[in-house]
Amino acid sequence: MVERLHDDGALRTLTRGIYALETGGWMQWVWGAVLAGGTHAVIGGLAAARLLDLRAEEPPVIDCYCGEGIHRTSPGPWRLIQASRRPAGHHDPPRTSVVQTIVDASVGLDADAVAAMVARAGRRVHGSEVKAVMSAIERHPQRAVLQDAFDDIAAGAQSALEIRYVRDVERRHGLPTAQRQANPSGRARVDAWYVDFGLIVETDGRAYHAGLAASGDAARDNLHLELGLVTLRFTWNQVKTDPCSVARQVARALRRGGWTGELRACTRCRVIGK
Numbered sequence: 007m008v009e010r011l012h013d014d015g016a017l018r019t020l021t022r023g024i025y026a027l028e029t030g031g032w033m034q035w036v037w038g039a040v041l042a043g044g045t046h047a048v049i050g051g052l053a054a055a056r057l058l059d060l061r062a063e064e065p066p067v068i069d070c071y072c073g074e075g076i077h078r079t080s081p082g083p084w085r086l087i088q089a090s091r092r093p094a095g096h097h098d099p100p101r102t103s104v105v106q107t108i109v110d111a112s113v114g115l116d117a118d119a120v121a122a123m124v125a126r127a128g129r130r131v132h133g134s135e136v137k138a139v140m141s142a143i144e145r146h147p148q149r150a151v152l153q154d155a156f157d158d159i160a161a162g163a164q165s166a167l168e169i170r171y172v173r174d175v176e177r178r179h180g181l182p183t184a185q186r187q188a189n190p191s192g193r194a195r196v197d198a199w200y201v202d203f204g205l206i207v208e209t210d211g212r213a214y215h216a217g218l219a220a221s222g223d224a225a226r227d228n229l230h231l232e233l234g235l236v237t238l239r240f241t242w243n244q245v246k247t248d249p250c251s252v253a254r255q256v257a258r259a260l261r262r263g264g265w266t267g268e269l270r271a272c273t274r275c276r277v278i279g280k
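Each number in the numbering used here corresponds to the 1-based position in the sequence shown with 6 added.
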């Protein structure tokens, strides 16, 4: 019967023993991976990141954890991994938890991509799970990056650019730690507020502000200026391409506010300005 339906074009073969009624998209291959993986199959890695809206891209290779002791080959755009993962909740198709997904998917990614995933996860990242998952990995190539990103989100950072600012500007140059997502005026939250030094730092991942967004920024900056607070704004390009210059500018503003610390040279610094 199956052979006849296949020959008549009513069934389309995904892999041996798995058929589809019609041509589908990426999700059809995800389900194909689950069916090929067997009873304990759980989608993980970059594919799970896409399912959980942690990344926008649909990976060409779908990772599927099948459990220990599984020895099967099934040709398809998937990788059947002989390791166990618990499915999170009651999702269809089954996929790993947010934290486990970030840890597994980050192996081949750079620090920015890892930070972006953590930022998109936001409040779905729970400290208890982070502690449990991180304690189980020792030689992960992005372990330090992951831990820093999770810590920064817990401290209030809300975007990949904020995490990059904390990592590349503030932490690596020995600047004081700002309050994240603070509300100095009682009317608007800011990315970073150096409370003791009267300085606010805002980071903007967009190439430019326009229209109402720019007006809102100006009104907020004016309000903070009335309170004696100076605001510095930096774009993604500034923080990414020249974090050392950003650090020097922040340090100068902090010193005017009374900071007496020393700006520390990072590995990228050529000259530390006064």
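I should point out that these hints are in silico values taken from the structure, not numbers from a laboratory.
Small disclaimer: the values here were computed from a predicted structure and weren't measured.
Hints are not guaranteed to be accurate.
Distance ranges between label pairs, derived from CB positions [unchecked claim]:
1. Arg10 with Ile143: 24 to 34 angstroms
2. Arg274 with Ala160: 18 to 28 angstroms
3. Asp157 with Thr29: 24 to 34 angstroms
With a cut-off of at most 25 angstroms between alpha-carbon atoms, the simulated SDA-like pairs for lysine to any residue come out as follows [what the hints assert, rightly or not]:
4. Lys137 with Gln153
5. Lys246 with Leu229
6. Lys246 with Ser165
We treat Cβ as the ideally placed atom computed from N, Cα and C, and that holds for glycine.
Structure-inconsistent hints, enumerated in ascending order: 1, 3, 5
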